[in-house]
Amino acid sequence: MSDRVYDSTVPLDFKAVKDLQERLAETEQPALLVRDGAGARVVPLPDGQLHVVGRCAPADVIVRDASLSREHAAFEAIGGVVMVEDLGSTNGVFVGGKRIEGRTEVAIGERVMLGHVAISVHRLDRTTAAIHRVGGPDALRERLVAEIARARDYGRPLALLVLRADDEAALERITPHIARDLRPYQLLSYYGAGILELLLPEHDDEQARAAAERFVALGREKHAPLSVGVGCVPQAATSADELIDVAFAAARRASPIGFARVRTTETSAAVRPPAGGAISRSAAMHALDELLERVADAAVPVLIRGETGAGKEVVARRIHAGSPRAAQPMVSINCGAIPGTLLESTLFGHEKGAFTGAESAAKGVFEAADGGTVFLDEVGELPAAAQVALLRILETKAVTRVGSTQERPVDVRVLAATHQPLESLCRDGAFRWDLYYRLNVMSLAVPPLRDRLEDISPLAETFLLAANEANGRSVKGIEPDALDALRCYGWPGNVRELRNAIERAVVVARGEHITRDDLPPSISGAQPMVPGDDAPPEAASTADTSADLRERLASFEAQLLREALARTGGSRADAARLLGLPVRTLAYKLKQHELA
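Per the working numbering, the very first residue in the sequence shown carries number 25; after that it's consecutive.
Quick caveat, the hints were computed from the structure, so don't treat them as lab data. Warning: the hint list may mix true and false statements.
To be verified - Computed cross-link-like contacts, PhoX-like style, restricted to lysine-lysine with a CA-CA straight-line distance of at most 25 Å:
hint, residue 1, residue 2
1, 376, 421
2, 421, 387
3, 376, 387
Stated by the list, open to error - Restraint-style ranges between C-beta atoms, simulated for each label pair:
hint, residue 1, residue 2, range
4, 508, 605, 36 to 42 Å
5, 242, 512, 36 to 42 Å
6, 129, 226, 55 to 61 Å
7, 322, 616, 38 to 44 Å
Predicted, not measured: the structure shown is a model, and the values here were computed from it. All C-beta atoms, glycine included, are put in the ideal place defined by N, C-alpha and C.
Go ahead and model the full structure; you've got the sequences and the hints to work with.
Structure representation (structure tokens):
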């Protein structure tokens, strides 16, 4: 027996070693994690193949960064060992903090600096290295908008995780390990230095918590401590920028090796306006400021209208702060963020045993705000039963808890906000006319950011100071070229999107000032609108033809969608099967054609 054991451990011959190496090479290979302005990507390094990194063609790996030369450096894996060589670049190649001369070996996990571009070396399974790409913040936000629409349409959960590491190199080491275990429908995004975003469709609060715990444990195992923030739809947010806001707020609150979640009741705290009230230079906002001073003293309900992210809650807080109720609580609730089964209990409270899980009596929003103000954000999302109960509170100034018949007097001022045309909802029967008239005693409109470009600079400077404090940075200002880009952009997410863009720029900025290159690509590439009359006749004719073709194609696609829904009795799942589309794609197209 002992002889057989001894025989089984004799050194392998050369052929056996070679066979083993080939089998290992089939499953694992070195790869580069390359960060650029649009995110990060994994570049596999097949044995014996040279990969040139540079600013433009003919480089194999192109990174649009001004600090790179056209052909900056060459990477090659030889027998699993990664070598790098400086190709005569201007700004050099640094390994271990030292500028190299000649070919130099790079260890697994080691970082290589090419100018301002960081590249780290990892060993990944071949499949992961070949297919995985870490996106950038623009791609994630675009996908997040579509996923939130799908989640709302189908009543499905959704989570966003923000992973932060104090050590940027540690985050680079752990990123491939996070990426390799993701499902195809999950999206990992490189937000900036030391920060990743992870979109998890079909993850509720508890599943997101479990995922956060896994990543915290992975970080501990790989010596890359992570702080993870978790935000969920619908519990904490109903829009993309709001979800990004609250997940980042949670990440900032998380322990150095731990995670935090933002629940519905914490959302308002995460998006408070900057200290000192309004920050505006535009005539439109000055007019609104003057109106707010008069409205604040009154006791009537106010309906605040405006696009998502325009600052409706900021307006509500200013009304409360300037009112005789300022010393009393203001309680905010996003009506679209609470599951329908819990909404009435959240608003009006409940008695013990009123429903499964009601182990004790609890006050609702109106009782909690007694003497102060209730802010109902996205009031157009209220279901019919809650609309009836809200109308009764406004008429009787009393609330009835779920599971009780006793009316409890409450003294509150109601402020409501919506981005939807409530009149249209009333005509469609989705919102009560009598409730609309009760809420619309005074109406205020918050203009979108694109209509008040004068406000962009002071807002951006204020957000820069806040981002410096939150992230331990000391960025001093914004370059004029970057401000020009901010003014040219359309801001579909309004002030909230501007705040997110400035925070990201503060995180990734290499110098003392934010440059155009530090802004998200969708913003840094923004150009001023050119009037159509300035185009030559030939160009205008071509554009008109192209636009007409696009309109006809869009009209045809919309008609196909309508017919599919009609043939399936309105069932989206059946309509998707009929059209041969994934349900998620159908939901996106219905939203795109305003058929949702």
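Each hint, compared with the structure:
1. For the proposed pair residue 376 and residue 421, the alpha carbon gap of about 23 Å is at most 25 Å, so the pair holds.
2. Restraint check for residue 421 and residue 387: the C-alpha separation of about 16 Å stays at or below 25 Å, so the hint holds.
3. For the proposed pair residue 376 and residue 387, the alpha carbon gap of about 11 Å is at most 25 Å, so the pair holds.
4. For residue 508 and residue 605, the hinted distance range of 36 to 42 Å is satisfied, since their beta carbons lie about 41 Å from each other.
5. At about 41 Å, the beta-carbon gap between residue 242 and residue 512 stays in the expected band of 36 to 42 Å.
6. At about 44 Å, the beta-carbon gap between residue 129 and residue 226 misses the expected band of 55 to 61 Å.
7. Hint check: residue 322 to residue 616, Cβ distance near 41 Å, so the stated range 38 to 44 Å holds.
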